[in-house]
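Colleague: With chain A's structure known, arrange chains B, C, D and E on it following the hints.
Same order as they appear, the protein sequences are chains A, B, C, D and E.
Once you know that position 97 of the first sequence is 97 in my numbering, the rest is easy, because the numbers rise by one and skip nothing.
Once you know that position 13 of the second sequence is 310 in my numbering, the rest is easy, because the numbers rise by one and skip nothing.
Once you know that position 252 of the third sequence is 846 in my numbering, the rest is easy, because the numbers rise by one and skip nothing.
Once you know that position 8 of the fourth sequence is 899 in my numbering, the rest is easy, because the numbers rise by one and skip nothing.
Once you know that position 197 of the fifth sequence is 1385 in my numbering, the rest is easy, because the numbers rise by one and skip nothing.
Be careful, since some hints might not be right.
[As the list claims (entries may be wrong)] Cut-off 20 Å, straight-line C-alpha distance, at most; resulting in silico cross-link-like pairs (EDC-like, lysine to aspartate or glutamate):
1) E:1363 <-> C:638
2) A:17 <-> B:438
3) D:992 <-> B:438
4) E:1271 <-> D:998
5) E:1363 <-> C:701
6) A:17 <-> C:603
7) A:175 <-> A:219
8) C:695 <-> E:1361
9) A:175 <-> B:341
10) B:472 <-> D:994
11) B:472 <-> D:935
12) A:175 <-> B:400
13) C:887 <-> C:851
14) E:1363 <-> C:697
15) B:472 <-> D:900
16) B:398 <-> A:173
17) B:398 <-> A:107
18) E:1481 <-> E:1445
19) A:101 <-> A:244
20) A:175 <-> B:404
21) D:992 <-> B:341
22) A:175 <-> A:253
[Said to hold, decoys possible] Pairwise CB distance ranges, derived in the manner of DEER restraints:
23) B:573 <-> C:842: 51 to 59 Å
24) E:1398 <-> B:327: 51 to 59 Å
25) B:327 <-> A:14: 32 to 40 Å
26) A:14 <-> C:661: 34 to 42 Å
27) E:1406 <-> C:743: 42 to 50 Å
28) D:917 <-> E:1473: 20 to 28 Å
29) C:743 <-> E:1397: 37 to 45 Å
30) E:1397 <-> C:883: 38 to 46 Å
31) C:807 <-> E:1294: 38 to 46 Å
These aren't lab readings, by the way, just hints derived from the structure by calculation.
Glycine residues also receive a C-beta, built at the ideal position from the N, C-alpha and C atoms.
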Amino acid sequence: MTQRASLGDVGLGTGKKARLRRILFQHGLRNGTALFLPYDQGLEHGPRDFFANPGAGDPRYIVRLAVEGGFNGIAVQIGLAEKFYWDYAGEVPLILKLNGKTDIPSDAQALSPLHASVADAVRLGADAVGYTLYVGTPALDQDFAQLRQVRADAQQLGMPLIVWAYPRGAAIEAKGGKDSFYAVDYAARTASELGADVVKVNFPHPEKRAAVPPAYDRDFSSQEAVDAVVRSANRTLVLISGGERAGDDAMLEKARESMEAGATGLIFGRNVWQREHDDSLRFVARLREVLAKYPST
Amino acid sequence: MTQRASLGDVGLGTGKKARLRRILFQHGLRNGTALFLPYDQGLEHGPRDFFANPGAGDPRYIVRLAVEGGFNGIAVQIGLAEKFYWDYAGEVPLILKLNGKTDIPSDAQALSPLHASVADAVRLGADAVGYTLYVGTPALDQDFAQLRQVRADAQQLGMPLIVWAYPRGAAIEAKGGKDSFYAVDYAARTASELGADVVKVNFPHPEKRAAVPPAYDRDFSSQEAVDAVVRSANRTLVLISGGERAGDDAMLEKARESMEAGATGLIFGRNVWQREHDDSLRFVARLREVLAKYPST
Amino acid sequence: MTQRASLGDVGLGTGKKARLRRILFQHGLRNGTALFLPYDQGLEHGPRDFFANPGAGDPRYIVRLAVEGGFNGIAVQIGLAEKFYWDYAGEVPLILKLNGKTDIPSDAQALSPLHASVADAVRLGADAVGYTLYVGTPALDQDFAQLRQVRADAQQLGMPLIVWAYPRGAAIEAKGGKDSFYAVDYAARTASELGADVVKVNFPHPEKRAAVPPAYDRDFSSQEAVDAVVRSANRTLVLISGGERAGDDAMLEKARESMEAGATGLIFGRNVWQREHDDSLRFVARLREVLAKYPST
Amino acid sequence: MTQRASLGDVGLGTGKKARLRRILFQHGLRNGTALFLPYDQGLEHGPRDFFANPGAGDPRYIVRLAVEGGFNGIAVQIGLAEKFYWDYAGEVPLILKLNGKTDIPSDAQALSPLHASVADAVRLGADAVGYTLYVGTPALDQDFAQLRQVRADAQQLGMPLIVWAYPRGAAIEAKGGKDSFYAVDYAARTASELGADVVKVNFPHPEKRAAVPPAYDRDFSSQEAVDAVVRSANRTLVLISGGERAGDDAMLEKARESMEAGATGLIFGRNVWQREHDDSLRFVARLREVLAKYPST
Amino acid sequence: MTQRASLGDVGLGTGKKARLRRILFQHGLRNGTALFLPYDQGLEHGPRDFFANPGAGDPRYIVRLAVEGGFNGIAVQIGLAEKFYWDYAGEVPLILKLNGKTDIPSDAQALSPLHASVADAVRLGADAVGYTLYVGTPALDQDFAQLRQVRADAQQLGMPLIVWAYPRGAAIEAKGGKDSFYAVDYAARTASELGADVVKVNFPHPEKRAAVPPAYDRDFSSQEAVDAVVRSANRTLVLISGGERAGDDAMLEKARESMEAGATGLIFGRNVWQREHDDSLRFVARLREVLAKYPST
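Bound-form chain A, shown alone:
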């Protein structure tokens, strides 16, 4: 297990520290852990993601769910933030997602273009911004250029930067796929090297070993893998993503292993809202039980 760093020890300036402290200690369990509700799937996958629970297609429903569920933040794109955050502004932290894309074209040259700015996030009272970086994409020149601007603006305005570090592109597919231990580990490190304050990664799969570099081509437990990923992120706080909906017990075990590894928290969307309202809150309660065991300072 990697020791989770205290918020005072990870090299943050005043504004970033103030905003992250609000997220981690004034919301949710107020114990330094985080449970975020991502809601960018309407752009990323389209409305099909809401067919399982049509009410979840209504952003107002989701923002209220975030408040009711005691989330540490909700991550949305600019359009929903403009129209729906006002109602609950200040009741749950806003993470403004600054880039995004549809899943209609192929991901071979994956790039998530900017559609909002750090200044938009400030204007809307957000406590962090989110940026999707496609680690391994051939379009890295554009991706790095976008991130450079976002990072510089976030530094200048004291806004925490959460990087969605997603392995993607043809070369990733050829080397074990996007959630191999190799790919997730590299993605976590890349976000850290490029200046993320917080990094969101998928849970690593050490059993996906086809064509990965030799160092990763041996037996690792999932705990060993997630431990390594958190170490690779070093002083970048780690959020583990829920990804597609899966069985609750499996998800909770992943959550437990992630926190055990030193992650700061979880960012679960479809596993939360692709079910009926009260069931969502019951699942959230179980996630909070996990987080309660890993307080930080």
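Modeller: For chains B, C, D and E alone, kept in the frame of chain A given last:
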């Protein structure tokens, strides 16, 4: 042997001279030579480079190693500089690497995109910036455009510019490879022509002669080759890169030949930190013995 | 006595910390104290200040004296920095003075206009900038506006900001004069409140009580006064100015009391160079003996 | 023979005229002709060009040769200008080459990317800028866009623009090659149409008629060809390039024919410095004898 | 006598050195001295200055006189440069005067407002810019702000900055007047401290002692005074101004004393052109005889 130029004779403005003098005469052996610790491999190769010595995956360990080993500088990407340099700020010079890439996609169209600016380097108190130029890449239009901006900003802000001059791309592979004498010699000259203050090259291999231009297709000793490379760099100070880990005696002999040729110093990463802590320092001590024999003014 | 704050505990960002550490620990006694050589009198008072030791009119003589005397920095205006710092660039830290004025017109509306920028300081490799703030002047609107820009630029570029906090103007003259305890104490606090990293003040004179506010109109020892001034500056490091030439023993006693109070160092110009070369160095040696007794971390 | 236009009759603004007059009447023979020394081959071809005379690899040797030989200017890339021009600044005019490339990748899509700006040229005290335009390349969109910016900046800053007009690319190879009369004539006109003040072309070869357009597919003497090229350039002054080293008498005959045609001068590099020092000066003296016969006003 | 500094030893960047070398070694006596022709009196005093020699009211007459007389440069305002320099562009260096004023209002709050930019100077092919600084004026805040911008632009564009350092304002009048030794000495130093490359001052009058500071209130010979002024300017090259028309022998004696003191040259306007054409040239010939005795390197 090429005579190493004095810092006062290589056409530097005041700020660049002040910063290089600090690097060369206020740190390390304080004799005008340099030993740099590069630590950009977490981005360039991924965490696999740290499997040989897991402690080396922690940037704090590396920055402290640079202080303990009496290095003249440590080269890191923006994310690590933001989070880890504060602890030792001013104790070892910072070289902020301004561009970088993962090794996931192919190098046929190699380009290392910018992810930080010279102004970032100034803000962090760095004493130099680093830029990777892929000499021979088909993407040279983007590469030159990036370098032009970096050079102009560095000139304007008095910041020394260290160019990682790396032959790369399909045409290089077809003409003797990336560490042939031909390729390294051309790379050193290119950096000099485009305005580097310091150039980092690999040690040249004159025996790699397959398909190189006729001028290079004859017998050269490695000393003759490295002599020529330093001459080609003319008033651009030369750093010889260690590259992949190899045997200590071979590395030390390369170091000796490089300094004999008039290089200003060495930039050794994996050969230093891909081993246990005390062994790292022992190897550094041997490198320093070499540098001690080549004082400059 | 006020405990001198450690450099790591005064809220500095990375670049400011790196540069101040260089000044305080890589030059002079390398013990966290500072002895600066100010050389802006050619502008502030005109060449008459050099009549006592004509050699001191030559900036090259002064820069060399700063190197020979082991000073922690030399403070000059832009013109001398451009023409004379190159020769010794990096051998002694440069503090670029950003504003200044002649003493030809009256000081009733005192304002020291900007003649250089923080970007100039960066370009010249300076480790700090200096700004003269006339505390109490009727022209405070222009003065604050200038300082606001300098402070913002210094923050953005990681450059330590040293404020020459000088009580000045008709109202100051009417309330005890420019070096009363009241005026100096207020000036130190003003610099701290407006964002100085380091403040330069004159030694306070508690005996100048004519027309000062009642709180200052009682008996204070000079030690009590300077203790209070350093406390007023709180996390702003304090430099005590030498001012006009006076007797050596009196100056040394002021130096001792200042360091005892928790000042970080001294900034002595005319008392140093308004005498023959070797005598200057003898006086510097005595100042260094004082500083050696007050190491910091 | 085309009458060479007087400098006052070619539509130049004040700054361009002042700078060209300096080049043509204050240096060299001071008779309105020009002999330039180009030294961009270290980038364009690599250090192999210096194997014939290793001393020529040292830029300082070349700049001094330009002074000794009474050249009207020396054309170098930004890196060498920054480091080597200071020593002889003002003694021989500087032409700053603004773009360049290595010869490592194929020329099928030839483009010479910008690596410096007109503002750099002004800052360095240059009297002209050079730009390589690849006439016929498929990458003409980028090429024209670059030239457009350079031309506009040069117009704005009164800086003469010398265009290296080089036919290049697959289509050129298929229509007679890069030094056919057809290609050179078209290149001269293209430079003139796009706003060059001076154009540098290779000597045209009317005998290279394979696959050229019918108009060029008949017998022309070399004098007729170069006459036509100078006419095509109209008020754009013409420099004839020496190209690869060839026999002296042949080069001198080309020089004579060029001047007879109305060219303003010659730009000879490898033919000058790919030989021993004194032999270089002897050859230059013969070139000057030719130029002396063609004074202009 | 102060030794005149060599152009290579006064801390100039490449462009400034190139342009000053052209002025000092490619024009006039080509021996490192300078004779400038100022022609800004039409603005500064109005046409009354041309009544003595009406032909001198025609700028074309004056530019030609500068060429005929072998001057090292002519200093004019933007309007005349735009309209009259083209005819002789490149034949005599242009110094573009960037500010100026009429003499109609009182000089008590003297300020010479900008009317042109360094970029204008570049565009017109000028080799230097001129700026009038009123040392001692109460309007120093505006004056310093203007000069700061001009200095920064000149630094950025490699353009030498000549400061007309004129004591002016009510306080100056109260302390000995504008050409007292005290005032001229302070003015020379002020220009140097604020970043002039060259300073133009009036010849100092040590006999004007009424109300000057005590240091200046004793007997100095005019040679002692001008020696001191040149020393105060240190690495700033000094030009002595002719001022109002006076007797030739007196002017020549001042010229001789100035050069003996280490001045770089003279800037004589009314004394040259307020007389008939051939008489002007005869006087110029006598000035050149003086300059010929003081070659520099």
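Colleague: Indicate, hint by hint, whether the structure satisfies it.
Modeller: Taking the hints in turn, this is what the structure says about them:
no.	hint	in the structure
1	E:1363 <-> C:638	holds, 16 Å
2	A:17 <-> B:438	violated, 40 Å
3	D:992 <-> B:438	holds, 9 Å
4	E:1271 <-> D:998	violated, 47 Å
5	E:1363 <-> C:701	holds, 15 Å
6	A:17 <-> C:603	holds, 16 Å
7	A:175 <-> A:219	holds, 17 Å
8	C:695 <-> E:1361	holds, 18 Å
9	A:175 <-> B:341	holds, 16 Å
10	B:472 <-> D:994	holds, 12 Å
11	B:472 <-> D:935	holds, 16 Å
12	A:175 <-> B:400	holds, 12 Å
13	C:887 <-> C:851	holds, 12 Å
14	E:1363 <-> C:697	holds, 12 Å
15	B:472 <-> D:900	violated, 50 Å
16	B:398 <-> A:173	holds, 18 Å
17	B:398 <-> A:107	holds, 19 Å
18	E:1481 <-> E:1445	holds, 12 Å
19	A:101 <-> A:244	holds, 18 Å
20	A:175 <-> B:404	holds, 15 Å
21	D:992 <-> B:341	violated, 26 Å
22	A:175 <-> A:253	violated, 27 Å
23	B:573 <-> C:842: 51 to 59 Å	holds, 56 Å
24	E:1398 <-> B:327: 51 to 59 Å	holds, 57 Å
25	B:327 <-> A:14: 32 to 40 Å	holds, 37 Å
26	A:14 <-> C:661: 34 to 42 Å	holds, 37 Å
27	E:1406 <-> C:743: 42 to 50 Å	holds, 44 Å
28	D:917 <-> E:1473: 20 to 28 Å	holds, 22 Å
29	C:743 <-> E:1397: 37 to 45 Å	holds, 42 Å
30	E:1397 <-> C:883: 38 to 46 Å	holds, 44 Å
31	C:807 <-> E:1294: 38 to 46 Å	holds, 41 Å
Hint compliance for this structure: hints 2, 4, 15, 21 and 22 are not met, and every other hint is.
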